[in-house]
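> Residue strings, one per chain:
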Amino acid sequence: MQVIVNISLKYGVLDPQGRAIGRSLTDLGFQEVGDVRVGKRITLEIDETDASRARQRVARMCETLLANTVIEDYEIEIDEGDDA
Amino acid sequence: MSLSALRVTVAVFPGSNCDRDMMVAIEKLAGRRPALVWHKESSLDATDLVIIPGGFSYGDYLRCGALAARSPIMEAVLDHAARGGAVMGVCNGFQILLETGLLPGVLVENAGLKYVCRNTCVEVVGGTASPFTDGLETGQRMIIPVAHNEGNYFASDEDLQRLEDNGQIAFRYADSDIVGPSNPNGAARDIAGIVSPNGRVMGMMPHPERAISPELGSADGATLLTACLEALSA
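As given, the protein sequences belong to chains A and B, one line each in that order.
According to this note's numbering, the first sequence holds residues 1 to 84 in order.
According to this note's numbering, the second sequence holds residues 1001 to 1234 in order.
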């Protein structure tokens, strides 16, 4: 099954990259742009059929390695595909 | 113990690039060549100081230091630290120590979004007893270069306050006529280096091993390293 992990900076953590992108967008005429934040998306192919077990394991992976929870939040999306 | 009896180990990861500079610096200052240990080793020979050098371990993939922090040798370094062993991380080594959780906080991208490579003025803060600052004077200033893209120290307000209250801030960037603006990266409270609560683990962004003789622009890194080596061999 495919599991997607979205990692984003916590609110309150300065995102200089997001700020630079926001400034560029404003310069390009996209005046409606306010706060911009840049994240990471990690796609995992998991040998597992049980969605809740997969979610639990991937949460462990996030806590152990994939996210630095001092500054990052993570969200887990499970794609159970056509065979569900 | 004499200085040359001190056993120093430098850990080497794929992508380390300051391991040799550190080895040369320690050999010059202590009179004995440190042991190099590869990241795949899962144990350390008896050692008095482990140094995690700078570089781009594992290509900085995922986050700087994240993959190195989970490598086999770091398990052994964690055991060494748990026994009260001394550990020093410089630059990427500091990032790795933060990723292991041995020290609090994280180093994020420089506030200016640019790689910064220049001299900085580093002031000794100290407080808690530590072999990394005991041999230096509080307020002592040293010219030591930085070279990094992720040196912007960040921690929660509670962690920052705890560092201040416990005297765990070892080094701060300071103003100087010689090297321009003090804080090169936006680090919280101008933090350049911190120590663990027991003072035995230290991480810093500036590279003392790149400032070991006047020919390199400064010998202040040698002052810092010699003070550590002497404190550890006392």
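Just so you know, these hints were derived from the structure itself, not from any lab.
Please read all numbers here as calculations on a predicted model, not as lab measurements.
Any given hint could turn out to be false.
To be verified - Here are the computed distance ranges between Cβ atoms for each label pair:
1) A/L65 / B/A1129: 19 to 25 Å
2) A/L28 / B/P1181: 40 to 46 Å
3) A/L65 / B/R1083: 54 to 60 Å
4) A/T43 / B/A1219: 48 to 54 Å
Claimed, not checked - Under the rule of at most 25 Å between Cα atoms (straight-line distance), these lysine-lysine pairs were calculated in the DSS-like manner:
5) A/K40 / B/K1114
6) A/K10 / B/K1114
7) A/K40 / A/K10
Said to hold, decoys possible - Where chain B lies over chain A, by a calculated footprint (3+ residues, C-beta under 8 Å):
8) 9-16
9) 67-73
For glycine and all other residues, C-beta sits at the position ideal for the given N, C-alpha and C.
> Each hint: holds or not?
Consistency of the hints with the structure:
no.: 1; hint: A/L65 / B/A1129: 19 to 25 Å; verdict: 34 Å, violated
no.: 2; hint: A/L28 / B/P1181: 40 to 46 Å; verdict: 30 Å, violated
no.: 3; hint: A/L65 / B/R1083: 54 to 60 Å; verdict: 25 Å, violated
no.: 4; hint: A/T43 / B/A1219: 48 to 54 Å; verdict: 50 Å, holds
no.: 5; hint: A/K40 / B/K1114; verdict: 20 Å, holds
no.: 6; hint: A/K10 / B/K1114; verdict: 22 Å, holds
no.: 7; hint: A/K40 / A/K10; verdict: 13 Å, holds
no.: 8; hint: 9-16; verdict: holds (count 3)
no.: 9; hint: 67-73; verdict: holds (count 3)
Hint violations for this structure: numbers 1, 2, 3, all remaining hints satisfied.
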